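Undergrad: Letter by letter, the chains look like this.
Number of protein chains: 4
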Amino acid sequence: MSLMTGRDYRRSLVERRPLTVYLGGERLEQPFDHPIIRASVNSIALTYELAEDPKYREAMTAVSALTGKTINRFCHLHQSPEDLYKKIGMQRLLGQKCGTCFQRCVGMDAFNAIFSTTFEMDVKHGTDYHARFIEYMKLVEDRDYVVDGCMTDAKTDRGKRPHELTDPDGYVRVFERRPDGIVVCGAKMHQTGALNSHHAMVMPTMAMDAQDKDYAICFAVESDAPGIVYIYGRQSCDTRLLEDPDGANMDAGSPGFGGQECMVIFNNVFVPNAWIFMDGEWDFTGMLVERFSGYHRQSYACKTGVGDVAIGAAALIAQYNGVDKASHIKDKIVEMIHLNETIWSSSVACSWLGTKTKAGNYLIDLLLANVCKQNVTRFPYEIARLLQDIAGGIMVTMPSAADMSNPDTRPYLEKYLKGVDGVSAIDRMKLLRLIENLTMGRSAVGYLTESMHGAGSPQAQRIMISRQSDVEKKKSYAKNLARIED
Amino acid sequence: MSLMTGRDYRRSLVERRPLTVYLGGERLEQPFDHPIIRASVNSIALTYELAEDPKYREAMTAVSALTGKTINRFCHLHQSPEDLYKKIGMQRLLGQKCGTCFQRCVGMDAFNAIFSTTFEMDVKHGTDYHARFIEYMKLVEDRDYVVDGCMTDAKTDRGKRPHELTDPDGYVRVFERRPDGIVVCGAKMHQTGALNSHHAMVMPTMAMDAQDKDYAICFAVESDAPGIVYIYGRQSCDTRLLEDPDGANMDAGSPGFGGQECMVIFNNVFVPNAWIFMDGEWDFTGMLVERFSGYHRQSYACKTGVGDVAIGAAALIAQYNGVDKASHIKDKIVEMIHLNETIWSSSVACSWLGTKTKAGNYLIDLLLANVCKQNVTRFPYEIARLLQDIAGGIMVTMPSAADMSNPDTRPYLEKYLKGVDGVSAIDRMKLLRLIENLTMGRSAVGYLTESMHGAGSPQAQRIMISRQSDVEKKKSYAKNLARIED
Amino acid sequence: MSLMTGRDYRRSLVERRPLTVYLGGERLEQPFDHPIIRASVNSIALTYELAEDPKYREAMTAVSALTGKTINRFCHLHQSPEDLYKKIGMQRLLGQKCGTCFQRCVGMDAFNAIFSTTFEMDVKHGTDYHARFIEYMKLVEDRDYVVDGCMTDAKTDRGKRPHELTDPDGYVRVFERRPDGIVVCGAKMHQTGALNSHHAMVMPTMAMDAQDKDYAICFAVESDAPGIVYIYGRQSCDTRLLEDPDGANMDAGSPGFGGQECMVIFNNVFVPNAWIFMDGEWDFTGMLVERFSGYHRQSYACKTGVGDVAIGAAALIAQYNGVDKASHIKDKIVEMIHLNETIWSSSVACSWLGTKTKAGNYLIDLLLANVCKQNVTRFPYEIARLLQDIAGGIMVTMPSAADMSNPDTRPYLEKYLKGVDGVSAIDRMKLLRLIENLTMGRSAVGYLTESMHGAGSPQAQRIMISRQSDVEKKKSYAKNLARIED
Amino acid sequence: MSLMTGRDYRRSLVERRPLTVYLGGERLEQPFDHPIIRASVNSIALTYELAEDPKYREAMTAVSALTGKTINRFCHLHQSPEDLYKKIGMQRLLGQKCGTCFQRCVGMDAFNAIFSTTFEMDVKHGTDYHARFIEYMKLVEDRDYVVDGCMTDAKTDRGKRPHELTDPDGYVRVFERRPDGIVVCGAKMHQTGALNSHHAMVMPTMAMDAQDKDYAICFAVESDAPGIVYIYGRQSCDTRLLEDPDGANMDAGSPGFGGQECMVIFNNVFVPNAWIFMDGEWDFTGMLVERFSGYHRQSYACKTGVGDVAIGAAALIAQYNGVDKASHIKDKIVEMIHLNETIWSSSVACSWLGTKTKAGNYLIDLLLANVCKQNVTRFPYEIARLLQDIAGGIMVTMPSAADMSNPDTRPYLEKYLKGVDGVSAIDRMKLLRLIENLTMGRSAVGYLTESMHGAGSPQAQRIMISRQSDVEKKKSYAKNLARIED
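Chains as they are written, first to last, in this note's numbering: chain A, 36 to 521; chain B, 36 to 521; chain C, 36 to 521; chain D, 36 to 521.
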C-alpha cells in the first residue's frame with residue numbers, strides 16, 4: 036500500500052478497538068464525530084491529502100531507504116541534507132495550509148532519533164534493537180501510519196529525579212517484566228495528536244542514570260492497546276467549534292482546522308518484545324533525548340508557515356481597514372516578515388549542515404536546531420503582538436457570529452463593521468476572528484504556547500547552545516588578538 | 036447620598052428602563068442575570084465595595100471641589116498632582132483585586148478633560164458649556180454614577196475624513212437640531228462597561244475641521260435613553276462562564292471577574308440642551324481628544340495591578356512546579372517586575388508633573404502619559420510571554436474542570452497533575468487556568484489587546500510623543516557641543 | 036562664602052598641595068594645564084557657572100537645612116520629594132550642557148546616604164558619627180566643595196570576600212589605629228572626578244560581616260593628603276584633545292568637555308577622628324551601600340540630558356543629510372525620545388515617591404531608583420545604535436580635521452562632504468564627530484559604559500529589584516482570583 | 036602564478052606608481068610604512084597567508100570555472116550553493132583570525148554581480164560587456180588581485196536624484212567620452228581597503244533612470260591610475276597604533292590588525308574601453324545594485340567571526356574576574372552565542388538556497404541575504420553591550436599601557452589590576468583593551484558601525500525584504516483559513 040488517502044486515514048481511525056477517551060467530563064463513544072476532535076483530524080488528514088495532490092506530491096513524499104518504495108515523507112528516515120531541508124519545506128507548507136499544529140512531526144522525529152540511537156546502543160551493548168526497529172519502520176512506512184512520539188512525563192516535582200518521587204509513576208516505567216514483553220505504567224503529558232495516531236512511541240524524557248534504570252525505556256504500542264486512557268486537553272476557545280457544528284462558524288476563526296493534545300495514561304499496558312527499543316540502557320537516554328529534541332526543534336520551522344498566515348492576515352486587515360498605505364503599517368509588516376524569515380533561516384541552516392549518523396540517516400546540526408527553536412520561543416510572540424497592533428481592538432470587542440445571524444442585529448453589524456468600500460462586514464469579521472484565533476484562541480495554543488514549550492522549554496535550548504558551542508576555541512581567538520600568551 | 040454601596044449599585048442597574056441588549060445572538064430580557072455580564076458587573080462593583088471598606092476608603096474617595104462632600108474618586112475632578120497620583124494608586128489596587136478591566140476610568144477621564152476644555156471653549160466662543168458641565172458633574176458626584184466615556188467611532192474606512200464617507204453615520208453626528216436639544220445617530224465601538232454605566236458621555240474621536248462640524252459634538256445621555264441599542268462584544272473563552280453559572284468554575288480562570296465591551300448604537304437618540312457640552316466647536320475637538328487621551332493613557336497604570344497578578348502567578352506556579360530556586364526562573368521574575376515597575380514609573384511621573392488647567396483642575400504631563408501608554412503597548416506582552424514560559428505547556432494541554440468532576444477521570448488528574456508534595460492537582464489547575472485567562476482568555480483581552488489599543492493605538496502615542504518633545508531645543512544642545520554656529 | 040564661582044573653583048584646584056598624578060606614563064607637574072584634564076574640569080566647573088547664571092540659579096541652588104544659607108544643590112541634604120526631583124532636573128540640565136559626566140553627583144549622593152546611616156548607627160551603637168558628619172557637612176556647604184564619593188574597590192578576585200583575598204589590600208582597610216585617627220591603605224577604582232575634587236569620601240563597597248570589620252570604614256580625606264596617588268584612566272579617543280590643545284579641534288567631537296576617572300591609591304593615608312563616620316560597624320555597611328547606590332541610581336537621570344544631545348544630533352544630521360522627512364527616520368527619532376523619557380520617568384517617579392529618613396533628609400524610592408538604573412543599562416545603547424543608524428557610515432570613514440586644514444585636501448572635503456544645500460562640509464563633519472564621540476569616543480565612556488556599570492552593574496539592580504518587591508503579596512492576588520485557599 | 040603569497044602581496048602594494056594618499060593632514064610618501072595602514076594591510080594579507088597554510092588552503096581556495104586553475108576563493112565566481120557556503124566559511128574564519136574587516140569581500144561580491152548582470156545586459160542590448168568582463172576576471176584570478184568594489188557616492192543631498200544636484204559630481208559620472216575609453220569624475224565614499232587594492236571596480240550606487248544615464252557606469256581601473264586621490268578615513272582610537280609603532284602596544288587592543296576606509300576621488304580618470312562593463316544602460320543599474328548588495332549582505336557573515344572573538348573575550352574576562360560560575364554571566368554568554376549563531380543561520384541559509392543565474396554563476400537567496408544583514412544591524416550591538424556588561428567598567432577607566440611601563444606606577448597596576456590568582460594585571464589589561472577595541476575602538480568601526488551601514492543601511496534591507504516576500508500569497512492563506520471568498 037504505502038500511501039493512504041485522506042479518506043483511508045479517517046476510516047482507519049474509527050476502525051480500531053474502542054478507545055477510552057474523555058473530553059469535557061464525558062466519555063466519548065464516537066470521538067471522531069466530535070467537532071473539536073474532527074477539526075484536529077482535518078489537520079493531520081492534510082498530510083495525506085496533500086500527498087495525493089500532484090501539486091504537492093513531490094514535497095510530501097520520499098523514496099524509502101528501507102524498501103525503495105514511495106512513502107509519505109513523515110515516515111521517512113532522512114538520507115541527506117536535502118531530505119532534512121525537504122522536511123521543513125513540507126512543514127512550512129502544512130503550516131500555511133492549516134494555520135495550526137498538524138501533529139505528525141513528533142513521530143517522524145522519533146523515528147530518526149531512535150534509528151541512529153539503537154544502532155549505537157547495539158554496538159556498545161550487543162543488543163539487537165536496531166534490527167527490531169528496522170522491522171518496525173517497514174511496517175510504519177508500508178501502512179503510512181501516524182505515530183505519536185511520547186516524551187514528556189507528568190513529573191509532578193521537577194526538582195526531583197524519577198526514583199526520588201513519592202509516587203513512582205511520575206515518569207513512565209516498567210512495572211513488570213515478562214518473557215514476552217513488559218508491562219508499563221505512568222502517563223505522558225500534552226501528547227500531540229495522540230488520539231489521531233495509530234501508534235504511540237514512548238521515549239524517556241531526559242538523560243537518566245543507573246538509579247532510574249526502570250525509567251530508561253523506549254517502545255511502540257498500538258494506540259488502541261488495552262489499558263490506555265486518553266483525556267483530551269482543553270484549549271482556549273475550544274467550544275466555539277461546538278457552537279456551530281457544521282463547521283461554518285465564523286467565530287471559530289479558522290473553523291476547518293485544529294490541534295490536539297491529550298494526557299495519555301498507561302494503566303499496566305503490555306508491550307511485546309518486538310516493539311521494545313530500549314530497556315534499561317540508561318547510558319543512551321541522553322543521546323536519544325538530545326537527538327529527538329534536536330530533530331523536533333528543527334521541526335518548529337512549521338511555525339513559519341503559521342507566521343505566513345499571520346503576515347497575510349495583517350496585510351489583509353490593513354487593506355480592509357483602509358490603512359495599508361500608512362508607513363508604520365508597512366514597516367510592521369516588514370518586521371513580521373523579517374522575524375519569520377529569521378526563524379526560517381535557522382531551520383534551513385541546521386538542515387543543510389546536517390551530517391550522517393553511524394546508522395546512515397542524517398542528523399541536523401544540533402547547535403543551529405537549538406538556535407532555531409530558541410528564536411521560536413520569542414519571535415511568534417512578537418509577530419502576534421504586531422498582528423494585534425495592525426488588526427485593531429475590534430478583534431476583541433466585536434459581537435458574535437450569532438449576532439450576525441440574528442436579523443435584528445445584522446443590519447447594525449453590516450453597517451458599522453464594514454471596512455473600506457467593497458469589503459463587507461462579514462469578511463472583515465471572519466478575518467478578525469482568524470486573527471483572534473491565531474493570537475488568543477485555539478491556534479494561539481499552537482502558534483504561541485507550543486512554540487514556547489514544545490520540543491523543550493527555552494532553558495533546555497540554552498543548555499544545549501552552551502554545550503554545542505566551543506567556547507574554549509573562541510577564547511583562543513581573543514587571546515591571539517590581544518597577544519596573551521598561555 | 037454621594038457614596039453608593041456595591042449593593043446599591045447593582046440595584047441601580049436593574050431599576051432602569053429596559054435596555055435593548057443583544058448577546059450571542061439573543062436579546063436579553065434580564066441582562067444582569069447573565070453570567071458573562073454578571074462577572075463584568077462584579078469588577079465595576081468593586082469600585083463601590085472598596086470605597087465602603089475602611090482599609091481602602093482613603094484610596095477610593097476624595098473631597099469634591101464642587102461641593103466639599105466625600106465622593107468616590109472616580110467622580111473626582113483632580114485638584115493637585117497628588118490627586119493624579121492617588122488616581123493611579125486606586126487603579127493599580129483595583130487591577131490587583133480583579134485582574135481585569137474595572138471599566139470606570141473612561142468616565143473619570145472624560146470628566147476631567149471636558150471640564151477644562153469647556154472652560155477654554157467658553158472663553159473663546161462665549162458659550163456656557165462649562166457652567167452646564169458643572170451642574171452635570173454635581174449630579175454625577177451626588178449620585179455616584181458610572182459614566183461610559185464614548186469616543187471611538189465605527190469609521191469603516193480609516194483613510195477618509197467623516198464627511199468623505201459613503202455612509203455619513205460612520206462617525207456619531209447631529210442628525211437633527213431642535214429647540215430643546217439635538218437628535219444624534221451613529222455608533223460608538225468597543226465601549227467599555229457601557230451596559231454597566233448609568234450614563235454615556237459621547238465625545239468626538241479625533242481633531243476635526245469645519246467640514247466635519249456636525250461631528251464635533253460632546254454630550255451626556257442616560258444609558259437607558261430610547262433609541263440606544265447595545266450589542267455585547269465577545270471575548271476569548273467568554274462562554275466558560277456559562278459552563279458553570281454558579282461561579283465556581285475553575286476553567287474560567289478568574290471566575291469572579293470580567294471586563295465588558297459593547298457596540299453602542301444611537302438610533303436617533305434625543306439629547307437635551309443641558310447635557311450638551313460641545314456642538315460644532317470643531318476647533319476644540321483636538322484639545323478635548325488630546326486631554327481625554329492623555330488622562331486615559333495615564334489610566335493604563337491599572338495594568339500594573341494586573342501585572343502584579345501575573346507576577347504573583349508566575350512565582351506561585353514556579354513553586355508548585357518545584358522550580359522556584361532555578362536561577363533562570365528567578366531572573367525571569369525579576370524581569371517581569373522590572374517591566375511592570377517601568378510602566379508604573381511613567382504613570383507616577385506624569386501624575387506628579389501634572390499642571391493646573393485654566394479651569395482649575397489638574398492635567399497630567401502629556402509627554403510622559405503618552406510614554407506610559409506606549410510602554411503599555413509592549414511590556415504586558417513580554418510579561419505574559421515570560422509568564423507562559425514559567426507556567427509550562429500544561430496550561431494549554433490540561434483537561435477541563437469537568438474532567439476533574441468526573442469520578443472516572445478525577446483520580447488520574449489528581450495523581451498526574453499534582454505539583455510538589457503538598458500542592459494538590461486542583462490548586463495547580465486553578466492557577467494554570469488563571470494564567471491561561473491572563474495570557475489568552477478573557478483577561479488577556481484587557482491585559483494585552485486593550486493595552487495595545489485602548490486610549491489609542493501605539494501610533495497615536497508616537498505622534499503625540501513627537502509633538503510634545505522640543506526637538507529644536509535638543510538640536511541646539513548638539514550644536515553647542517559641536518561648536519556649530521547658526 | 037557658600038557659593039564659589041567657576042573661576043574660584045578652577046583656582047581652588049591649583050592652590051593645593053601638589054598632587055601625585057600620572058597620566059599616559061608621565062607624572063604631571065601641572066595636571067590642570069593638561070588638555071585632557073582641562074576638558075574634565077570644564078564639565079565640573081559648569082556646576083558652579085550655571086549656579087552663577089540667573090537663568091539657572093533656581094535649578095542649581097538650595098537653602099541649606101543646616102544653616103539656612105543658599106548653597107549649591109550638589110552640597111544639599113534633600114529635604115523633600117521636591118528636592119529629590121530638583122536634583123534630577125539639575126542633572127538633566129547639566130547633561131544637556133556638557134554631553135558627558137560632570138562628576139559631582141557621587142559626593143552629593145554620599146552625603147545623603149551617610150547622613151541618614153550615621154543617625155541610625157548612633158541610635159544602635161551609641162556612637163557620635165552623625166554629629167561629626169553634620170560638622171563636616173557645614174564645612175562642605177560653606178566652602179562649596181566637590182567631594183569624590185569613593186566606593187568601588189580593586190577586589191581582584193570577585194569570587195572572594197575581603198578577608199579571603201591573598202592580598203589584603205584588595206579592599207580599602209584600616210591599616211593602623213592611632214589615638215587621633217586611623218591610617219588606611221588600599222585603592223579605589225574608576226573614581227569619577229577624583230582629581231577635580233577637594234575631598235574624597237571613602238565608603239565600603241558592599242555589605243560586610245564581622246570577619247571584614249577592618250574594611251567597614253567610612254571617612255573623608257583631603258584630596259591632596261599625603262600618601263594619595265592618582266593614576267588617570269584612559270578613554271577612547273582621549274588623545275584627540277592633544278591634537279589641537281587650543282580646544283578648537285573638531286575631531287574631539289565635543290571639544291569643550293570631558294569626563295574623568297582615576298585609580299586612587301591610598302598609601303598609608305592618615306585620617307583624623309573628626310572625619311571618620313564609620314569604623315567597624317559592619318552591620319551598617321549594607322544600609323550605607325544600599326542608600327548610596329539608590330541615590331546614585333536615581334542620579335543616572337543625567338543620562339537623559341546626554342540623551343537629549345543624542346536626539347538633537349540625530350534630528351540635525353538627518354536634516355543635513357536631506358532625509359529628515361523620511362518616515363523611518365522620524366520614527367527612529369520618536370523611539371529615541373520614547374526611550375529617553377522612559378528613563379526620565381523612573382527617575383522622576385523614584386524622586387516624588389521619596390520618603391523621610393529617621394535623620395530627616397529624604398530617601399528616593401529604592402525600587403524605582405533601581406528600575407531607573409536598570410533601564411539606563413539598556414536604553415542608551417539602543418539610542419546610540421539608532422543615532423548611528425541615522426548618522427550614516429561616514430561618521431567612521433571620514434577624514435580627519437587635519438585633512439580639512441590641509442589646503443590640498445580641503446577642497447575635496449568641502450565638495451564631497453557637504454550636506455544639503457546650505458550646510459557646509461565643516462558643520463556636517465563637526466556634527467558627525469560629535470556623534471562619533473557620543474557613541475564610540477570619550478563621551479561614549481560616560482553615555483554607554485558608565486551607564487552600564489556606574490552605581491552598580493546591571494545584576495546589582497536586579498538583586499535589589501527582587502528584594503524591594505513584595506512577591507508574597509502578589510502571590511496572594513493570584514490566589515484570590517484563582518480561588519485557591521491557603 | 037594564480038596564488039600570491041602574503042609577502043608577494045605586500046611587495047605588490049609598494050611596487051606601484053606612487054599613490055596620492057593623505058592621512059591626518061599629511062601626504063604620505065611611503066603609505067605602507069605607516070603603522071595605521073600597516074595594520075590594515077595585515078588583515079588583507081591574511082587572505083593570502085591562510086591560503087598558503089595547508090590547514091586552511093581548502094577553505095581559502097577554489098578551482099576557477101574560467102581556467103580550471105586553483106585560485107584564491109576571493110577571486111572566484113561561485114559555481115554552486117556549496118561555493119556560496121564555502122565563501123562564508125572563509126569569511127567567518129578570517130573574522131576569527133583578525134577580529135576586524137579584512138577588506139577583500141567587496142571585490143569578490145562585485146565580480147559575481149557584474150558577471151551575471153553583464154550577461155543579461157548583453158542579451159537585451161546586444162553589447163559585449165560579458166566577454167570583456169570574462170577577460171578581466173581571468174587577469175584578476177591569474178594575478179590574485181585585490182579589487183576594491185566601489186559603490187557609495189558622496190550624494191550630498193540624499194533627497195535628490197543625481198541629475199538634480201547642484202554639483203553634478205555628487206555621483207561618479209562620465210565626464211567625457213573618447214574613442215578609446217571614458218574619462219570619469221566624482222568620488223566614492225568609505226571605500227574599504229581602497230589603498231590596499233590593486234584595482235578599483237566602480238559601480239553605480241542605486242537604480243537609476245534615463246535622466247541619470249551618465250551616472251549609469253561600471254568599470255575597473257588600476258588603483259594607481261593618474262588622477263585618483265585617496266584621503267584616509269579616521270577611526271576611533273586610530274592613533275593608538277602610533278603610540279608604539281613596533282606593534283606591541285597593548286592599548287591598541289588588537290595591535291596586529293586593522294580595517295581601512297578611504298575617500299577615493301576621481302579627478303578625470305581615464306578608463307579604457309576594455310574595462311568598461313556598463314555605460315549608460317541605466318535599466319540594469321537596479322539589477323547590478325541588487326545583486327551586489329545581496330552578495331555583500333551575505334558577506335556580513337564575517338561578523339560572526341568577530342562575534343566569536345567577542346564571545347571568547349567575554350568568557351575569558353569572566354574567568355579573569357572570578358565570576359565565570361555566576362549564573363547570570365553564563366546566561367549572557369549563551370545569549371551572545373545565540374545571537375551570533377542566528378546571524379550565521381541566515382548567511383548559511385541564503386547560501387544553500389542560492390540559485391544559478393543565466394550566466395552560470397550562483398546567486399544567493401536575496402530574501403534571506405537581506406534578512407541576514409538586517410540581523411547584523413542589530414545583534415552585534417547587543418553582543419557588544421553584553422560584552423561590556425561582562426567586562427566591567429574597568430575597561431574604560433583603566434590607566435594606559437605607558438603607565439604599565441613606568442616603574443613608578445607599574446607596581447600599583449600589578450597589585451590592583453590583577454584578576455584571580457594566577458592572572459596577571461598585564462594579561463587582564465590586554466584583554467580589557469581588546470574588549471574596548473571591539474566595542475568602542477578601531478574594531479568597533481568594523482563590528483558595529485560597518486555592520487549597520489555596510490552593504491546598505493537597515494532601511495535598504497527592509498525595502499528588499501518587502502519586495503522579495505510574496506505577501507499576496509500569504510493573504511491567500513489567511514483567506515482560505517477564514518473562508519473568505521474572493
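It cannot be assumed that every hint is accurate.
It does not matter which identical chain is used: a pair holds within one copy or between any two.
[Said to hold, decoys possible] In silico lysine to aspartate or glutamate, EDC-like type, Cα no more than 20 Å apart, as pairs:
#1 195 - 359
#2 360 - 456
#3 391 - 117
#4 195 - 279
#5 450 - 507
#6 514 - 359
#7 195 - 456
#8 173 - 325
#9 450 - 202
#10 90 - 204
#11 365 - 117
#12 450 - 204
#13 391 - 247
#14 360 - 505
#15 508 - 370
#16 365 - 170
#17 508 - 359
#18 514 - 202
#19 90 - 505
#20 173 - 257
Keep in mind that the hints were calculated from the coordinates and are not lab data. Nothing here was measured: the structure is a model prediction, and the numbers come from that model.
Undergrad: Each hint needs a verdict: does it hold in this structure or not?
TA: Hints, verified against the model:
1. In this assembly of identical chains, the alpha carbons of residue 195 and residue 359 lie at most 20 Å apart only when taken from different copies (13 Å versus 53 Å within one copy).
2. In this assembly of identical chains, the alpha carbons of residue 360 and residue 456 lie at most 20 Å apart only when taken from the same copy (16 Å versus 31 Å across copies).
3. In the homo-oligomer, the alpha carbons of residue 391 and residue 117 lie at most 20 Å apart both inside one protomer (12 Å) and across protomers (17 Å), since each shortest distance falls under that limit.
4. Proximity of residue 195 and residue 279 under a CA criterion of 20 Å is satisfied in neither setting, with 46 Å inside one chain copy and 37 Å between copies.
5. In this assembly of identical chains, the alpha carbons of residue 450 and residue 507 never lie at most 20 Å apart, being 67 Å within a copy and 28 Å across copies at closest.
6. Taking CA atoms no more than 20 Å apart as the test, residue 514 paired with residue 359 passes between copies only; the shortest distance there is 17 Å, against 52 Å inside one copy.
7. Taking CA atoms no more than 20 Å apart as the test, residue 195 paired with residue 456 passes between copies only; the shortest distance there is 11 Å, against 62 Å inside one copy.
8. For the homomeric pair residue 173 and residue 325, neither the shortest alpha-carbon distance inside one copy (24 Å) nor that between copies (49 Å) is at most 20 Å.
9. Only between protomers do residue 450 and residue 202 lie at most 20 Å apart by alpha-carbon distance; the minimum there is 8 Å, versus 61 Å within a single protomer.
10. In this homomeric assembly, residue 90 and residue 204 never come within 20 Å of each other (Cα to Cα): the closest approach is 47 Å inside a single copy and 48 Å across copies.
11. Proximity of residue 365 and residue 117 under a CA criterion of 20 Å is satisfied in neither setting, with 34 Å inside one chain copy and 35 Å between copies.
12. In this homomeric assembly, residue 450 and residue 204 come within 20 Å of each other (Cα to Cα) only across copies, at 9 Å, whereas the closest approach inside a single copy is 59 Å.
13. In this assembly of identical chains, residue 391 and residue 247 lie within 20 Å of each other by CA distance neither inside one copy nor across copies; the values are 30 Å within and 54 Å between.
14. Taking CA atoms no more than 20 Å apart as the test, residue 360 paired with residue 505 passes between copies only; the shortest distance there is 17 Å, against 47 Å inside one copy.
15. In this assembly of identical chains, residue 508 and residue 370 lie within 20 Å of each other by CA distance solely across copies; the values are 17 Å between and 34 Å within a copy.
16. Taking identical chains as interchangeable, the C-alpha atoms of residue 365 and residue 170 are never at most 20 Å apart, the minima being 54 Å within one chain and 45 Å between chains.
17. Taking the shortest Cα distances, residue 508 and residue 359 sit within 20 Å of each other only across copies (16 Å), while inside one copy they are farther apart (49 Å).
18. In this assembly of identical chains, the alpha carbons of residue 514 and residue 202 never lie at most 20 Å apart, being 52 Å within a copy and 26 Å across copies at closest.
19. Proximity of residue 90 and residue 505 under a CA criterion of 20 Å is satisfied inter-copy only: 19 Å between copies versus 43 Å inside one chain copy.
20. Taking the closest pair of Cα atoms, residue 173 and residue 257 come within 20 Å of each other only inside a single copy of the chain (15 Å); across copies the shortest separation is 65 Å, beyond that limit.
When the structure is compared with the earlier hints, violations turn up for hints 4, 5, 8, 10, 11, 13, 16 and 18 and for no others.
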